[in-house]
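There are 2 protein chains.
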Amino acid sequence: MKACVLYSGGKDSSLMAVILQKLGYSVELVTVNFGLLPSWRAAAESASKLGFQHRILEVEKTVIQEGVDFILDDGFPNNGIDYIHRKALEIASKSYPVIADGTRRDDRVPKLDSSEIRSLEDLKSVEYLTLAGFGHKTINKLSERLFTVKKDLINIENNSDYEIEIRHLIDQLRGEKTASRIFPEHMQSRVIGWKEK
Amino acid sequence: MKACVLYSGGKDSSLMAVILQKLGYSVELVTVNFGLLPSWRAAAESASKLGFQHRILEVEKTVIQEGVDFILDDGFPNNGIDYIHRKALEIASKSYPVIADGTRRDDRVPKLDSSEIRSLEDLKSVEYLTLAGFGHKTINKLSERLFTVKKDLINIENNSDYEIEIRHLIDQLRGEKTASRIFPEHMQSRVIGWKEK
Chain L
1468 MKACVLYSGG KDSSLMAVIL QKLGYSVELV TVNFGLLPSW RAAAESASKL GFQHRILEVE
1528 KTVIQEGVDF ILDDGFPNNG IDYIHRKALE IASKSYPVIA DGTRRDDRVP KLDSSEIRSL
1588 EDLKSVEYLT LAGFGHKTIN KLSERLFTVK KDLINIENNS DYEIEIRHLI DQLRGEKTAS
1648 RIFPEHMQSR VIGWKEK
Chain Y
1468 MKACVLYSGG KDSSLMAVIL QKLGYSVELV TVNFGLLPSW RAAAESASKL GFQHRILEVE
1528 KTVIQEGVDF ILDDGFPNNG IDYIHRKALE IASKSYPVIA DGTRRDDRVP KLDSSEIRSL
1588 EDLKSVEYLT LAGFGHKTIN KLSERLFTVK KDLINIENNS DYEIEIRHLI DQLRGEKTAS
1648 RIFPEHMQSR VIGWKEK
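In order, the protein sequence lines correspond to chains L and Y. Numbering of the first sequence is given in this note's numbering, commencing with residue 1468 and proceeding in unit increments. Numbering of the second sequence is given in this note's numbering, commencing with residue 1468 and proceeding in unit increments.
Some hints here could point you the wrong way.
Note that identical chains are pooled: a pair holds if it fits in a single copy or bridges any two copies.
Claimed, not checked - Below, in silico cross-link-like pairs of lysine-lysine (DSS-like), each with a Cα-Cα straight-line distance of 25 angstroms or less:
hint, residue 1, residue 2
1, K1489, K1516
2, K1604, K1554
3, K1604, K1489
4, K1469, K1489
No lab work stands behind these hints: they were computed from the structure.
Bound conformation, chain L alone:
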């Protein structure tokens, strides 16, 4: 059965892809893009290094605009990112019977609560899978065993999260450096291949 993993090139979504492939799913890695920046490139490269199919899921600009509205109104990113992620899941569920992401047990954002998950699965006739059964300690260890990882301050070369385009749009709307007041800079790791045996 076909399964899509919403894919940023990071450890979590890479591990989810590996688990689903090992369980026999035909996995496609899918990176959301709003057409503002080619921020999918890092994920496409990670996917190719791991030998997975990769696709860009073009989502209309209004979705990121609405998400950024939430973020600017709130002064913090959580609700806006949640909004964008829910929309991405809904759109992906039109093309795949199984959709997944790398949400861990200890992740806060983006994360659907159990009633949101039930409603997504029922309304869209889709199965939605996450890494909610695994904590960060376990995922870090598994990632260390499986993947070669590169760590860097978040930037377009190293990450394909929504955050790259969100930052870009915020700075465009409110002037340079606005985004870095709302999103503190942080390190990001990207999977750049399998671990050498």
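Position chain Y against the provided structure of chain L, taking the given hints into account.
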């Protein structure tokens, strides 16, 4: 790395075992027993059919007695089963760096909430993994693809859950048929081998 899966012979814990093995863990399936009945036999047979190592984890009778006290006081099984499961996890965490069970996203009992999980992991220096990222629909489909399953009313031949010994102890304490007033009879599926290719 060694990992223990608390194992009943059912689909959920069998799937957890398969996922961990595919991720490279050296998996041991462990069935809790309180010495009241040889209710571990069904799980041992399932484990052997799947080719996994199996061990009985003998837990002292006071644990099931305390659990049954909760159940008789409450008139329903949830808190008592939760209590027994937490104790089982604590005991297993003395012998394994990674402990797991087949708790799904939509399971209610036994289930640890996120602060209980954090405290278990921190206090016992253990990683605790579940199937909380997967719903019942997905697990049923995966189980159908992977396993041969036998469905029956719950009984000692077909199941190694805590429930078998709990029912036995309740009937011993309060007279025959008391347990079936507290636990409604229900169907239970047991994994009896890999799916024929």
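Quick rundown of the hints versus the structure:
1. K1489 to K1516: Close inside one copy (17 angstroms) and across copies (20 angstroms); limit 25 angstroms.
2. K1604 to K1554: Cα proximity of K1604 and K1554: across copies only (22 angstroms, versus 29 angstroms in one copy).
3. K1604 to K1489: both (21 angstroms within a copy, 19 angstroms between copies)
4. K1469 to K1489: both (13 angstroms within a copy, 19 angstroms between copies)
Every hint from the earlier list agrees with this structure, and none is contradicted.
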